[in-house]
Amino acid sequence: MARLTPGTQQDRDTAVTAAEAAAGRLDPEFRARFDDVFPILHGLFLQLYGEREDGREALAEVIAAAAGSWRDRPADLKALDRKRLADPDWFLSEKMLGGVCYVDRYAGSFSGIRNRIPYFQELGLTYLHLMPLFDSPEGNNDGGYAVSSYRAVDDRLGTMDDLAALSADLREAGISLVVDFIFNHTSNEHEWARKAVAGVPGYEDFYLIFPDRTMPDLYEQTVREIFPDDHPGAFVQLPDGRWIWATFYHFQWDLNYANPAVFRAMAGEMLFLANQGVEVLRMDAVAFIWKRLGTTCESLPEAHLLLQAFSQVLSLGAPSVLFKSEAIVHPDEVITYISPGECQLSYNPLQMALGWEALATRDGRLLQKALDERHALPAGTAWVNYVRSHDDIGWTFADEDAATLGIDGYPHRRFLNDFYVGRFPGTFSRGAPFQENPKTGDARVTGTTASLAGVEAGDPGGEDRVILAHALALSTGGIPLLYLGDELGQLNDYTYRDDPAHAGDSRWVHRPEADAEAFSARQDPSTVAGRIHTRLTALIAARQRTPELAGNPLTPFHTPHPSVVGYQRIGTTGAVLVLANVGDEPVTIDAVTLSGFESAATDVVTDAAVDLTDGLELAPHGFRWLRVQRSRMQ
41 MARLTPGTQQ DRDTAVTAAE AAAGRLDPEF RARFDDVFPI LHGLFLQLYG EREDGREALA
101 EVIAAAAGSW RDRPADLKAL DRKRLADPDW FLSEKMLGGV CYVDRYAGSF SGIRNRIPYF
161 QELGLTYLHL MPLFDSPEGN NDGGYAVSSY RAVDDRLGTM DDLAALSADL REAGISLVVD
221 FIFNHTSNEH EWARKAVAGV PGYEDFYLIF PDRTMPDLYE QTVREIFPDD HPGAFVQLPD
281 GRWIWATFYH FQWDLNYANP AVFRAMAGEM LFLANQGVEV LRMDAVAFIW KRLGTTCESL
341 PEAHLLLQAF SQVLSLGAPS VLFKSEAIVH PDEVITYISP GECQLSYNPL QMALGWEALA
401 TRDGRLLQKA LDERHALPAG TAWVNYVRSH DDIGWTFADE DAATLGIDGY PHRRFLNDFY
461 VGRFPGTFSR GAPFQENPKT GDARVTGTTA SLAGVEAGDP GGEDRVILAH ALALSTGGIP
521 LLYLGDELGQ LNDYTYRDDP AHAGDSRWVH RPEADAEAFS ARQDPSTVAG RIHTRLTALI
581 AARQRTPELA GNPLTPFHTP HPSVVGYQRI GTTGAVLVLA NVGDEPVTID AVTLSGFESA
641 ATDVVTDAAV DLTDGLELAP HGFRWLRVQR SRMQ
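Position 404, counted from 1, in the sequence shown is what the numbering used here calls 444; the numbers after and before it change by one each time, with no gaps.
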């Protein structure tokens, strides 16, 4: 075999030959993209696999897979590709709204999801993330994040053909389908895993398997322990005495991306999903995908090269598909995954965590600092802003940011954990701890939005906090994301403790099944569900008719009050000023603070006129979205 060589025509010719063998004559669209993409992908492969004898062969096979996938891509998806290439910033619209759910718990099956499409349209969804739906082991499978096949779905939900049909129905309704691409690891039942353990030629290097503890012990000197309740360290022992890398649960085995055959295999799975009509792939656990001895094995340079290479493959075979990064790491690392050529979208875990921090402390300064200094993104990218997800809440703020406000990070995290799991005197929250580590005192928090915000406890500010938290996610920029059920104020579901497959994972407390009674009461103002749904849908509608809330850029606006978070969203003809009070007491924003604006403003949510001459009062847990004009006196 020949190694990849920089800039050689031979590598290009080899790739073209492989593509033509896979797809026949290359159509002009694919060939034009190939001319643009190949130099970039070739350069990425050089950096990743330039020293491997099988690097050129793998690159040619990847190009061939993309060519074959494009040949087989349905005509309506090719039309979508052309539309999105002509409007690459489509996802930055103020009309974007995401929803996320587990298929089985929310609607039973793909058919049930299809029946909910009218409700999704009523709610204003344009993006639907269906949580892991692939074939997985029975029992505990980390909520579906242990994949046994990327080409088969859980048969209790339906079939892959049903998923493709659902994606078409969603697309017709103006809703983009989002699914997880769990590409750091597979389940131990995956065909590749079985073949690797059995030593089948071509698969023995798909995972990181060692004959004894020598190498695992060296790696574990610098890698962190993720799920100590499941197993210590980063390795688990196989029945034959060997050790295999398992960052997360013992049944989730990390793939070895240092082997280009693994990249080739996963690129094929990714292209297959794209051709089922998936429009956004949530790239799971991106920080962990490359290993190097003597490092933390998180956020290494090669992890970015891999994501960029996968993105280029999609540019060839399914150019409308976007990547969404899931990197729950230090804020400085989160942002490194976000660019038009890597992940166009990213969860915003910092804003999520600090929203809850602000509600607990009644102090918005740490959240304000994050919005001031850590919100900006490259053009053509966006945050996905969420109040909570299917996962736990980890306090991912930067200690150096906290220190500037006189906050010591470690005890502050302990306080937040205690507050949100009900251990702090006077707390309004009814969350639960997740993966509490008795050795370090580390833990994370689980709970539905309503239970965390005080609704379950009967706190008089609970419903207001639910709305305030969503008002922030809806107005800071990017794509707001609702965990479906939160718009109805669903509470924690403690019945998970009775299910042996879930009892050891407290995250199931905030993954309740859909509440039919709450759904039926969504327009009844005498119910919690009705009040929350009515107020939240009014906010969604206001956002979708407010072009200033499109895009991602945000301009800070400071007030003298620690409990008030402020910012402007500036459009072509004006600006929307957002002021949010995370405290338990009313606050008056004085006229001097607002003197940079004309006195006549408009409340975006109610369309009512607002006079700023004498300042503005914010209720406890209250907020205002005000369309303002810069004062002519300035």
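Hints are computed from structural coordinates only; laboratory data are not their basis.
Possibly wrong hints are sitting among the right ones.
Ranges between beta-carbon positions, derived for each pair [stated by the list, open to error]:
no.: 1; residue 1: Asp624; residue 2: Asn477; range: 29 to 35 Å
no.: 2; residue 1: Thr574; residue 2: Asp280; range: 55 to 61 Å
no.: 3; residue 1: Ala640; residue 2: Pro587; range: 17 to 23 Å
no.: 4; residue 1: Asp624; residue 2: Gln277; range: 47 to 53 Å
no.: 5; residue 1: Gly544; residue 2: Thr480; range: 18 to 24 Å
no.: 6; residue 1: Asp245; residue 2: Ile80; range: 53 to 59 Å
no.: 7; residue 1: His598; residue 2: Gly152; range: 43 to 49 Å
For each residue, glycine too, the CB sits at the ideal point set by N, CA and C.
Taking the hints in turn, this is what the structure says about them:
1. Asp624 / Asn477: 29 to 35 Å: 32 Å, holds
2. Thr574 / Asp280: 55 to 61 Å: Given about 60 Å between the Cβ atoms, the range holds.
3. Ala640 / Pro587: 17 to 23 Å: Check passed, 20 Å falls within 17 to 23 Å.
4. Asp624 / Gln277: 47 to 53 Å: With a Cβ separation near 52 Å, Asp624 and Gln277 satisfy 47 to 53 Å, so the hint holds.
5. Gly544 / Thr480: 18 to 24 Å: 19 Å, holds
6. Asp245 / Ile80: 53 to 59 Å: The hinted range 53 to 59 Å is violated for Asp245 and Ile80, with Cβ atoms some 26 Å apart.
7. His598 / Gly152: 43 to 49 Å: Holds - the Cβ-Cβ distance for His598 and Gly152, about 47 Å, lies within 43 to 49 Å.
Hint violations for this structure: number 6 only, all remaining hints satisfied.
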